[in-house]
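Asks: Sequence:
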Amino acid sequence: METRELGTSGIRITPIITGTWQAGKAMWVGIEDRETIKAIRAAFEAGITTVDTAEVYGQGHSEKIVAEALSDVRDRVVYATKVFSNHLKYQQVIDACEGSLKRLKTDYIDLYQIHWPSGTYGSEVVPIEETMSALNDLKQQGKIRAIGVSNFSRTQLEEASQYGRIDSLQPPYSLFWRYVEKETVPYCIENKISILAYSPMAQGLLTGKFGPNHQFEEGDHRAKNKLFQGENYARAQQALEKLRPIANRYQTSLGNLALAWLIAQPQTSAITGVRNAQQAVENAKAANIRLSEADLAEINAIGRSVTDYLDDNPVMWNW
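This note's numbering puts the first residue of the sequence shown at 1353, with every later residue one more than the last.
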């Protein structure tokens, strides 16, 4: 699979990235460690050499699963993990990084990201200068190779950038969820900051596997996703019907069409979660799809038929 530079770091990442939120098991149903390990490994063998995790996913369980799947090929993979919003004081960042290093069974993290800005989820507000000071020190020590942020607005990204080099932004971004394009994408392009899009298939909605009357199992957080509710869901179903003929022309799935559109956007890679090896292999195929300019424009317009009706709140869920 082709690789791209992560920001200006010199690190090479794949356009499709394996996401491991579900590997932590918390907030998901029907997840089995053995299947997750096989899926992460299958993704690697299919050419996806970049994997994203976080300390908060199952309180470190996801990081342990990543290590179990990939430790023997560590020199050929890129690890991206994250420090949560309740660990953003100087010493907390240092300690959190040490914990991630141990769970990942490695002596360096390729990309270390601030998961959410301080103050979110009831966390204490910590000056970004203090957090960045810790991250810069970790980078100088060789414990991390690059610094990224996740769920930051343009204003927050600009402020963080005053205190050190930010090589990536990880926002929710898909054909059906495009708030990041309004202000933040232009800043990222101008400053060579890679965009690592999470929920690139709108938490499965863009795969087309959810029918008009789908009901999620108890405990599945996707039930609170705005795109799965009311008129938003109805518009999404109509858009999917318009996308099907395009997917058929490329002899691909709806999900891979959505991924192909996303990774064709400037400086954008897509983080795709996997439950089993088959999904991992299927996701990798999206990297080989080359959409024509006309089809990119048509897909873009179909996506707008959903996103133009969403409210101005950039948070994807009604928690």
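These are calculated hints, taken from the structure and not from any lab test.
Take the hints with a grain of salt, since some may be wrong.
[Said to hold, decoys possible] PhoX-like mimics (lysine-lysine), calculated; alpha carbons at most 25 Å apart, straight line: (1) K1390 - K1416; (2) K1561 - K1637; (3) K1377 - K1454.
Asks: Now look at each hint and say whether the structure bears it out.
Replies: Now for the hints, and whether the structure bears them out:
1. K1390 - K1416: 14 Å, holds
2. K1561 - K1637: Distance of about 18 Å is within 25 Å: holds.
3. K1377 - K1454: Status holds; Cα separation ~20 Å.
Taken one by one, the earlier hints all hold for this structure without exception.
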